[in-house]
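Asker: Here the sequence shown stands for residues -20 to -1, 1 to 141, where the numbers follow mature numbering (1 follows the signal peptide of the UniProt record, and there is no 0).
Incorrect hints may appear among the rest.
To be verified - Simulated restraints, written as ranges between beta carbons of each label pair: (1) Pro77 - Thr118: 12 to 22 Å; (2) Pro77 - Asp45: 17 to 27 Å; (3) His84 - Asn129: 13 to 23 Å; (4) Val52 - Leu139: 19 to 29 Å; (5) Lys124 - Ser90: 13 to 23 Å; (6) Pro132 - Ser90: 29 to 39 Å; (7) Pro132 - Gly63: 30 to 40 Å; (8) Leu139 - Gly63: 35 to 45 Å.
If you are wondering where the hints come from, they were derived from the structure by calculation, not from laboratory data. The model shown is predicted, which means the values in this text are computed figures rather than measured ones. Positions of the beta carbon are idealized from the N, C-alpha and C atoms, including for glycine.
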Amino acid sequence: MMSFSRLANVLFIKFPRICAVTTSSNSYKYQPASKFLPRLLISHCPVRLVAKGRLASTMAETSSDLTVDHDVENKMFVINLAGEPEKAVLVYKVIGPDAVNLYHTGVPVSQRGKGIAKVLAKAALDHFASHGTNMKLTCTYLQKYFRENPLPQYKSRVLDL
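Please build the complete structure, drawing on both the sequences and the hints.
Answerer: This is the structure:
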């Protein structure tokens, strides 16, 4: 049987962007594992295992906190990126009383490949699924994200692709 600290190291290596999510009314806060995992490990295993493990060296490689804001008025989810004049956005339009069309996801060129679009996609799909809103995914990135993450709460709300 694998120890808790070893399991955490394996998870952290395979999924370096593992994160906890906290929500407020219109904001999703993604907290990287480097913020919450050490406390979790300390509560379940001796501190010396955390300090000697590979986890200490991988924590510095995690991305910074990303906050997704839901701009209801402009019908978009937004991430303000530090040091960037542009924002990462996921834009939608209301197509019915309980349906939206998620039609565009955009991330500044210099920030692509860092998982930012994935954070936006998760926040938007989670938001609309939790509010019982049906979703039409015309954005090709969101179609790909849905195929790779066919969660039950999404399946029941995503209209045929």
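Asker: Would you pick out the hints that fail for this structure and give their numbers low to high?
Answerer: Violated: hint 2 alone.
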